[in-house]
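Asks: Those sequence lines, one after another, are chains A and B. Residues in the first sequence are numbered consecutively from 194, following this note's numbering. Residues in the second sequence are numbered consecutively from 194, following this note's numbering.
No wet-lab data here; the hints were simulated from the structure. Warning: the hint list may mix true and false statements.
Each pair may be met inside one copy or between any two copies, as identical chains are not told apart.
[As the list claims (entries may be wrong)] Here are the simulated lysine-lysine pairs, DSSO-like style, with alpha carbons at most 27 Å apart: (1) Lys403 x Lys346; (2) Lys285 x Lys408; (3) Lys246 x Lys225; (4) Lys308 x Lys298; (5) Lys346 x Lys225; (6) Lys228 x Lys285; (7) Lys195 x Lys225; (8) Lys408 x Lys346; (9) Lys308 x Lys408; (10) Lys298 x Lys408; (11) Lys308 x Lys195; (12) Lys403 x Lys308; (13) Lys346 x Lys228; (14) Lys403 x Lys225; (15) Lys298 x Lys246; (16) Lys225 x Lys308; (17) Lys285 x Lys225.
Number of protein chains: 2
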Amino acid sequence: MKIAILGGTGDIGEGFALNWAARHQIRIGSRKSEKAEIAAEQYREALSDHELKGGIQGFDNRTAAEGADVIILTVPYTHVSGVIDTVRPVLKDQIIVSPVVPMIKNEYFEYNPPKQGSAAEEILEMLPHGMSVVAAYHTIASGRLCSLDPAFKCDVLICGDDRRSKDAIIALTDEVECLRPLDAGPLAAAKMIESLTPLLLNLAMLNHLKDPGIKVL
Amino acid sequence: MKIAILGGTGDIGEGFALNWAARHQIRIGSRKSEKAEIAAEQYREALSDHELKGGIQGFDNRTAAEGADVIILTVPYTHVSGVIDTVRPVLKDQIIVSPVVPMIKNEYFEYNPPKQGSAAEEILEMLPHGMSVVAAYHTIASGRLCSLDPAFKCDVLICGDDRRSKDAIIALTDEVECLRPLDAGPLAAAKMIESLTPLLLNLAMLNHLKDPGIKVL
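Start from the sequences and build out the full structure, keeping to the hints where you can.
Replies: Here is the structure:
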């Protein structure tokens with residue numbers, strides 16, 4: 194598969210790139226292609242440090258999205274609308290994956306969903322008609338994902354209304370050794386999943402947990 | 194401590210009663226005292242099956258609440274307001290614990306919070322001025338709690354605005370071998386915790402998980 198990771202120059206982008214590069218073509222996207230190319234180069238080096246090989250390339254966000262089967266929006270909530278405007282001309286049948294979480298922080302983090310109910314449902318409204326959104330990867334600490342450490346296994350709660358798209362993301366997630374995908378139902382469940390992120394951030398802060406993840410027992 | 198478990202004739206009431214009875218006085222409450230007395234009798238028998246002893250008594254909800262230091266509202270969301278009306282005359286400085294979750298089910302479960310933001314914050318509004326609410330125990334499957342099986346350990350996310358009340362419930366939770374208490378911040382965090390319950394119910398249904406609980410890694 195061709196997987197575009199928009200805003201993929203951050204930690205979480207690196208984690209996905211390293212985990213998927215052996216089997217898939219990874220297209221790191223950034224506002225400036227140079228930045229994405231530098232990140233892609235670093236990820237290829239990290240791969241070879243693990244004696245792995247794989248295809249990771251850097252592009253501007255639109256070019257990254259154009260050639261992709263799956264687009265993962267690893268961008269902050271406040272940038273989502275701008276990024277979607279940029280890539281909209283090349284959107285047709287890609288699966289859009291949203292790990293996006295709208296939140297505010299005063300003394301503690303608080304979930305702050307838009308009127309659509311969740312960021313994922315708001316993103317769906319921004320897309321050309323007929324495209325689908327899968328919400329996933331809200332609770333993965335990038336520190337864990339990058340470590341390529343299969344001893345640690347955390348759960349990924351995945352929801353969406355299009356069965357084929359959701360199954361594709363469940364299968365992709367299952368390929369990552371440290372992750373277990375769980376079907377969390379329809380896209381309307383996204384608000385319950387997105388709100389886990391501020392909850393985990395507060396738990397980490399108050400209970401001295403590092404890189405917390407969720408496991409459903 | 195004297196712990197009133199209102200609506201305590203259900204599975205979750207039994208789980209708490211069995212786990213706390215050796216150290217605390219458990220006051221099972223129900224709308225009819227006879228029903229609570231029968232349940233208390235059964236719990237005492239279950240205790241002796243485990244070669245344990247402890248004080249568990251049954252009362253009507255108001256009497257159970259009157260003598261208590263801590264009141265746990267193990268009642269469905271739709272009954273909460275009626276139960277609080279019943280016990281209000283005897284409320285003064287008890288710590289009120291809310292595991293209450295307002296939710297609806299169509300094809301899937303969905304979190305359905307009141308205008309105050311969460312059931313816990315709505316309950317706080319119903320109480321005499323100066324009392325405090327601690328939100329906890331939303332994600333404990335009663336099947337797990339009743340088994341008295343310390344091999345299984347799941348997390349309890351606890352939030353509240355009054356430090357002493359929250360610490361008391363954290364300490365009580367820590368006494369239960371199969372539970373780990375985590376401080377989840379202020380009462381405003383309750384909506385993020387309450388929404389875990391419908392999420393877990395959906396995950397159980399869609400992924401064939403029995404009695405799911407949450408663990409923060």
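Asks: Each hint needs a verdict: does it hold in this structure or not?
Replies: Tested hints:
1. Lys403 x Lys346: Both. Shortest intra-copy (15 Å) and inter-copy (19 Å) distances satisfy the 27 Å Cα cut-off.
2. Lys285 x Lys408: neither (35 Å within a copy, 39 Å between copies)
3. Lys246 x Lys225: within (25 Å within a copy, 69 Å between copies)
4. Lys308 x Lys298: both (19 Å within a copy, 21 Å between copies)
5. Lys346 x Lys225: Neither. Shortest intra-copy (34 Å) and inter-copy (47 Å) distances fail the 27 Å Cα cut-off.
6. Lys228 x Lys285: within (26 Å within a copy, 62 Å between copies)
7. Lys195 x Lys225: Result: close within a single copy only, 20 Å intra versus 64 Å inter.
8. Lys408 x Lys346: both (8 Å within a copy, 12 Å between copies)
9. Lys308 x Lys408: For Lys308 and Lys408, the Cα distance exceeds 27 Å both inside one copy (29 Å) and across copies (30 Å).
10. Lys298 x Lys408: both (25 Å within a copy, 24 Å between copies)
11. Lys308 x Lys195: neither (32 Å within a copy, 44 Å between copies)
12. Lys403 x Lys308: neither (32 Å within a copy, 34 Å between copies)
13. Lys346 x Lys228: Neither. Shortest intra-copy (31 Å) and inter-copy (45 Å) distances fail the 27 Å Cα cut-off.
14. Lys403 x Lys225: neither (32 Å within a copy, 48 Å between copies)
15. Lys298 x Lys246: neither (40 Å within a copy, 47 Å between copies)
16. Lys225 x Lys308: neither (31 Å within a copy, 44 Å between copies)
17. Lys285 x Lys225: For Lys285 and Lys225, only the intra-copy Cα distance (23 Å) is at most 27 Å; the inter-copy one is 62 Å.
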